[in-house]
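Chemist: Sequence:
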Amino acid sequence: MNALTAYLTVLALFLLLAGPALVGLRHERRIDRQVKAAEAQAAREAQEAQGVRPVRSGAPGQKSWSRSTVPSTATWYADGRRSKKLVSS
Numbered sequence: 001m002n003a004l005t006a007y008l009t010v011l012a013l014f015l016l017l018a019g020p021a022l023v024g025l026r027h028e029r030r031i032d033r034q035v036k037a038a039e040a041q042a043a044r045e046a047q048e049a050q051g052v053r054p055v056r057s058g059a060p061g062q063k064s065w066s067r068s069t070v071p072s073t074a075t076w077y078a079d080g081r082r083s084k085k086l087v088s089s
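Under UniProt numbering, the residues of the sequence shown are numbered 1 to 89, in order.
It should be emphasised that the hints constitute simulated quantities derived from the structure, not laboratory data.
Predicted model only: the values in this text are computed from it and were never measured.
Built from N, CA and C at the ideal position, the CB exists for glycine as well.
No false leads were slipped in.
Label-pair restraints from in silico Cβ distances:
id, residue 1, residue 2, range
1, 26, 1, 34 to 44 Å
2, 27, 6, 28 to 38 Å
3, 51, 17, 50 to 60 Å
4, 9, 45, 49 to 59 Å
5, 48, 25, 30 to 40 Å
6, 2, 39, 51 to 61 Å
7, 40, 7, 42 to 52 Å
8, 2, 25, 32 to 42 Å
Based on the provided sequences and hints, a complete structural model is requested.
Modeler: In structure tokens, the structure reads:
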């Protein structure tokens, strides 16, 4: 019974200390979502006023043909190993 009382006391103290912080965090996240939604709405309205078609939200900004031509580390390593095999044989 003593262990249960100690457990409940620790839990109550934790909730007393962490509760306001968690409530504040939830409040800030809600405000952030509202601000983000308002900014997105303002951007959409500005684009509509200018007659600009909105870009799809899921579309990447970079096309495959515009990617960098630098080979990856794995490609560079494999090319190096192939050339060593050709030299040694």
